[in-house]
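Asks: This is what each chain is made of:
Protein chains: 2
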Amino acid sequence: MDDEVIDKTAPEEDGYGLDNRTVSAILLAVAAGDAARLADLFEPLHPADIADLLEQVDAGKRREILLLAPRQFDGEVLSELDETLREEVIAFLPPEILAEAVRELESDDVVDLIEDLEKPQQDAILDALEMVDRVAVEQALSYPEYSAGRLMQREVVRAPEHWTVGETIDHLRANKKTLPDQFYHVIVVDPGIRPVGYVTLGKLLSSRRSVRLTDLFEDSFRPIPVTQPDSEVAYAFNQYHLISAPVVDDAGRLVGVITIDDAMNVLDEEHEEDILRLAGVGEGSLNDRVIETTRQRFPWLFVNLLTAIVASLVIAQFEDAIAQVVALAVLMPIIASMGGNAGTQSLTVAVRALATKDLTGSNVWRVVRREVAVGLVNGAIFALVMGLVGLVWFGSAQLGAVIAVAMVVNLSVAALAGILVPVTLDKLGVDPALASGTFVTTVTDVVGFFAFLGLASVVLL
Amino acid sequence: MDDEVIDKTAPEEDGYGLDNRTVSAILLAVAAGDAARLADLFEPLHPADIADLLEQVDAGKRREILLLAPRQFDGEVLSELDETLREEVIAFLPPEILAEAVRELESDDVVDLIEDLEKPQQDAILDALEMVDRVAVEQALSYPEYSAGRLMQREVVRAPEHWTVGETIDHLRANKKTLPDQFYHVIVVDPGIRPVGYVTLGKLLSSRRSVRLTDLFEDSFRPIPVTQPDSEVAYAFNQYHLISAPVVDDAGRLVGVITIDDAMNVLDEEHEEDILRLAGVGEGSLNDRVIETTRQRFPWLFVNLLTAIVASLVIAQFEDAIAQVVALAVLMPIIASMGGNAGTQSLTVAVRALATKDLTGSNVWRVVRREVAVGLVNGAIFALVMGLVGLVWFGSAQLGAVIAVAMVVNLSVAALAGILVPVTLDKLGVDPALASGTFVTTVTDVVGFFAFLGLASVVLL
Chain A
1 MDDEVIDKTA
11 PEEDGYGLDN
21 RTVSAILLAV
31 AAGDAARLAD
41 LFEPLHPADI
51 ADLLEQVDAG
61 KRREILLLAP
71 RQFDGEVLSE
81 LDETLREEVI
91 AFLPPEILAE
101 AVRELESDDV
111 VDLIEDLEKP
121 QQDAILDALE
131 MVDRVAVEQA
141 LSYPEYSAGR
151 LMQREVVRAP
161 EHWTVGETID
171 HLRANKKTLP
181 DQFYHVIVVD
191 PGIRPVGYVT
201 LGKLLSSRRS
211 VRLTDLFEDS
221 FRPIPVTQPD
231 SEVAYAFNQY
241 HLISAPVVDD
251 AGRLVGVITI
261 DDAMNVLDEE
271 HEEDILRLAG
281 VGEGSLNDRV
291 IETTRQRFPW
301 LFVNLLTAIV
311 ASLVIAQFED
321 AIAQVVALAV
331 LMPIIASMGG
341 NAGTQSLTVA
351 VRALATKDLT
361 GSNVWRVVRR
371 EVAVGLVNGA
381 IFALVMGLVG
391 LVWFGSAQLG
401 AVIAVAMVVN
411 LSVAALAGIL
421 VPVTLDKLGV
431 DPALASGTFV
441 TTVTDVVGFF
451 AFLGLASVVL
461 L
Chain B
1 MDDEVIDKTA
11 PEEDGYGLDN
21 RTVSAILLAV
31 AAGDAARLAD
41 LFEPLHPADI
51 ADLLEQVDAG
61 KRREILLLAP
71 RQFDGEVLSE
81 LDETLREEVI
91 AFLPPEILAE
101 AVRELESDDV
111 VDLIEDLEKP
121 QQDAILDALE
131 MVDRVAVEQA
141 LSYPEYSAGR
151 LMQREVVRAP
161 EHWTVGETID
171 HLRANKKTLP
181 DQFYHVIVVD
191 PGIRPVGYVT
201 LGKLLSSRRS
211 VRLTDLFEDS
221 FRPIPVTQPD
231 SEVAYAFNQY
241 HLISAPVVDD
251 AGRLVGVITI
261 DDAMNVLDEE
271 HEEDILRLAG
281 VGEGSLNDRV
291 IETTRQRFPW
301 LFVNLLTAIV
311 ASLVIAQFED
321 AIAQVVALAV
331 LMPIIASMGG
341 NAGTQSLTVA
351 VRALATKDLT
361 GSNVWRVVRR
371 EVAVGLVNGA
381 IFALVMGLVG
391 LVWFGSAQLG
401 AVIAVAMVVN
411 LSVAALAGIL
421 VPVTLDKLGV
431 DPALASGTFV
441 TTVTDVVGFF
451 AFLGLASVVL
461 L
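Going down the list, the sequences are from chains A and B. Each residue of the first sequence is one higher than the last, beginning at 1 in full-length UniProt numbering. Each residue of the second sequence is one higher than the last, beginning at 1 in full-length UniProt numbering.
Next comes chain A alone, as it looks inside the complex (with noise of 0.2 Å):
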């Protein structure tokens, strides 16, 4: 089947993202090469839907729609656009729609679009931009990769201490030129434009002229500083309810501030990374070609061959008692994946738990003790059914003892090391989402089949 196939099976999305109808639509007009049509199923959807219909389409189709209908490719869709495509779609623009595109962007979507570009792409969308944009972008720029510094806009509303809500709404109607799109407090500044503090536009509009801005500040006033990695920012937006805050260089000046919207973005990569990690994945997108693909998985598979082997010299220490009783090697698997599942239930919820920070070193302890009870608990329970289960298949109750013991050894080491390891990791800097899954495994593997192999040559041999 071909790329067009729509199944019309799928389940509508409740108005929301693409409908395969709308896709399949389009997907036709490309082919008939009619642009008027294309144009109008285009003209209803939002820049994040037609992004999204780009990344579902292969590149000769997406090739065929950037020809029919460039104008549709204004800059709000290529800051959708996932950052794999967006080299290949650009290189693809005209240079005019390009800058036309560019311009009407705020700073911290410029920059958001160009920091992953070629060197060349960057300056020829940087030459788009009128000076007072382009300096504000290369400032953004000059911060490091995932800081504050990229995340902010520079555009700020800002009053001095003295004002009132009256001043600041004069203030506001005289500039409404220069505002940005979207603003949700006035930040105050002292005479340095250091931010004191900041007013909600609903106090705002909803106090009388002559109050002073002083009287109105919010207590979740937080200026971020602009070195701050960007997930940190998420973090205070998530835990302390952030809509806007105010982000400060070394010195404590206002330099821009950083919105909701943005650490939600922020919030949802660092989400994402960290479940693709935990399975081993570098990056994954599914747009990416399969030799990219197939590089980003391969060193995660080698090192899963790595520690399989090592698993297979343990086994390889038993040869003799495999040989006599080769119902042990029919077992194997049993310890293995019941070792590797329990590890990875207690590593997830760890890895997890780090991340949100209610896994500190005040509580780390009490986990500890918990996960290995856990592991007890759930060791004793599933030593009695393999226990029975080795008796019924192959008839012999030394086979089921041993069996047992190992389940639950196997069990309680797989909590531990599940919290351990992560733990460790992150003690020492390394992403425990990134690592702790082969560690983990290679525990369960080792001790489990050593356990085992070795309790059944100790009793039935």
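Hints were generated in silico from the structure; no laboratory data involved. A virtual CB, placed ideally from N, CA and C, is assigned to each residue, including glycine. Certain hints may be false.
As the list claims (entries may be wrong) - Computed list of lysine to aspartate or glutamate pairs in EDC-like fashion (alpha-carbon distance at most 16 Å, straight line):
#1 Lys119/B x Glu87/B
#2 Lys176/B x Glu155/B
#3 Lys119/B x Glu138/B
#4 Lys119/B x Glu88/B
#5 Lys357/B x Glu232/A
#6 Lys357/B x Asp431/A
#7 Lys427/B x Asp358/B
#8 Lys357/A x Glu272/B
#9 Lys61/A x Glu88/A
#10 Lys357/B x Glu88/A
#11 Lys357/A x Glu232/A
#12 Lys176/A x Glu155/A
#13 Lys357/A x Asp431/A
#14 Lys177/B x Glu106/B
#15 Lys119/A x Glu167/A
#16 Lys61/B x Asp34/B
#17 Lys357/A x Asp109/B
#18 Lys177/A x Glu155/A
#19 Lys357/A x Glu55/B
#20 Lys357/B x Glu272/A
#21 Lys357/A x Asp34/B
#22 Lys357/B x Glu155/B
#23 Lys177/B x Glu155/B
#24 Lys119/A x Glu87/A
#25 Lys61/A x Glu104/A
#26 Lys357/A x Glu218/A
#27 Lys357/A x Glu106/B
#28 Lys61/B x Glu104/B
#29 Lys177/A x Asp82/A
#30 Lys177/B x Glu104/B
#31 Lys427/A x Asp19/B
#32 Lys357/B x Asp34/A
#33 Lys119/B x Glu155/B
Claimed, not checked - Simulated restraints, written as ranges between beta carbons of each label pair:
#34 Ala380/B x Glu88/A: 21 to 31 Å
#35 Val132/B x Ala32/A: 54 to 64 Å
#36 Ala35/B x Glu115/A: 45 to 55 Å
On the provided structure of chain A, position chain B as indicated by the hints.
Replies: Chain B alone, transformed into the frame defined by chain A:
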């Protein structure tokens, strides 16, 4: 070691979250029964941090803290608290403090606070509310769980179509007492109270008093049906960068408003759920009691045991082969773990792509082809590696060839199952994050062992 242990080496959290120094100071004050000192230490903390503290200590410590400083636990702390702890904490608070605590909350926070409580505790809190709030909360509870109706706040700021900026500002000033703490748009409604558009506060502030609201409407305006699942609401906020959205009933009448911070919470919980489910952890809060956690994880381990037994049954078919060539038993874990890992890689990417709607009926077949191609390429590479390992380690070219072929088969099938299983489950309305893992590993184990041992008994015996 016990709970008071503080790890001085843990990195400071850039001033966010609880730093260990504060935690230890608080625990010392509790141990000393020093209520005044405890109050001083709590004073600068954000409610979210106080909630985190309660989550990090054990039940005994929590009790002591609550008895020493009950006044600290206002409504905000309660609504920040992990669901698993709310009942316990609320049960401890003196009724009058609890009543005072909930009265200051917005209706959506009260709903979030009590929806998971036992009936008696719910009633206790409802009784504490003023009649109008109580009606609002009971109304919200009448909507299905996880629906927009539960998420929205009923305090809305609305204006009739014919109003001007001036009239609206005057209205806001006249009613400032009843305005919600946070609001970002004035929702314009027709005479039937059906929302027809909204105006950002920024536009209101920066426009002249004579301008009509209808001339300031935002494109982003998207009413949300009150019965819509909260996951769809979160998707819409994230996809379309909404800050707030009006909620309408079946007749299109305005019944409330959802703000981005609520949507951000839902998105956060959805991600959490995905990660935990992928790992076969039902709920998994660090605060659950051991028995509770054991109960959550047991079913997944049990299902895994059954699938592992299926794999064992496959192996049992080849006991003779293994008895004659014990090397097979030594190499089996490599087959199993490579297949399992490759499958997990594919299925995780697929599960995420389904969640973000990047994987749809219009591109599923291209993605399948892509994944299989990746599986084949990686399979070929590892076939070579393992072929050599088999040859070198066991000095048998035939054994090397067998495991090489098995590796290609295994990784290709893993890739195929990794994408088809979640897509199929999604179609059937089952959460792919929940069940994919078990199915995929069963497929890879069974196919892997069958291919490896089957080939072996044909080639080697």
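Asks: Next step is simple, just say for each hint if it's right about the structure.
Replies: Here's how the hints hold up against the structure:
1. Lys119/B x Glu87/B: 11 Å, holds
2. Lys176/B x Glu155/B: 12 Å, holds
3. Lys119/B x Glu138/B: 13 Å, holds
4. Lys119/B x Glu88/B: Holds, at about 14 Å.
5. Lys357/B x Glu232/A: Roughly 27 Å between the alpha carbons, so the hint for Lys357/B and Glu232/A is violated.
6. Lys357/B x Asp431/A: 27 Å, violated
7. Lys427/B x Asp358/B: 15 Å, holds
8. Lys357/A x Glu272/B: 14 Å, holds
9. Lys61/A x Glu88/A: It holds: about 13 Å lies between the C-alpha atoms, which stays within 16 Å.
10. Lys357/B x Glu88/A: Not satisfied, since the Cα-Cα distance of roughly 22 Å exceeds 16 Å.
11. Lys357/A x Glu232/A: The hint holds at about 11 Å.
12. Lys176/A x Glu155/A: Roughly 12 Å separates the two Cα atoms, so the pair holds.
13. Lys357/A x Asp431/A: 14 Å, holds
14. Lys177/B x Glu106/B: Between Lys177/B and Glu106/B the Cα gap is close to 14 Å, so the pair holds against 16 Å.
15. Lys119/A x Glu167/A: 45 Å, violated
16. Lys61/B x Asp34/B: 14 Å, holds
17. Lys357/A x Asp109/B: Violated, because 23 Å separates the two Cα atoms, which is more than 16 Å.
18. Lys177/A x Glu155/A: Holds, because 12 Å separates the two Cα atoms, which is no more than 16 Å.
19. Lys357/A x Glu55/B: Since the Cα atoms of Lys357/A and Glu55/B sit roughly 11 Å apart, the hinted pair holds (cutoff 16 Å).
20. Lys357/B x Glu272/A: 14 Å, holds
21. Lys357/A x Asp34/B: At roughly 27 Å apart (the allowed maximum being 16 Å), Asp34/B and Lys357/A break the hint.
22. Lys357/B x Glu155/B: Violated, at about 32 Å.
23. Lys177/B x Glu155/B: 12 Å, holds
24. Lys119/A x Glu87/A: 11 Å, holds
25. Lys61/A x Glu104/A: 27 Å, violated
26. Lys357/A x Glu218/A: 26 Å, violated
27. Lys357/A x Glu106/B: This hinted pair is violated, its Cα atoms lying about 27 Å apart.
28. Lys61/B x Glu104/B: 27 Å, violated
29. Lys177/A x Asp82/A: 31 Å, violated
30. Lys177/B x Glu104/B: Roughly 13 Å between the alpha carbons, so the hint for Lys177/B and Glu104/B holds.
31. Lys427/A x Asp19/B: 15 Å, holds
32. Lys357/B x Asp34/A: 27 Å, violated
33. Lys119/B x Glu155/B: 25 Å, violated
34. Ala380/B x Glu88/A: 21 to 31 Å: About 28 Å separates the Cβ atoms of Ala380/B and Glu88/A, which means 21 to 31 Å holds.
35. Val132/B x Ala32/A: 54 to 64 Å: Cβ of Val132/B to Cβ of Ala32/A: about 59 Å, so the range 54 to 64 Å holds.
36. Ala35/B x Glu115/A: 45 to 55 Å: 52 Å, holds
This entry does not satisfy hints 5, 6, 10, 15, 17, 21, 22, 25, 26, 27, 28, 29, 32 and 33, going by the numbered hints stated previously.
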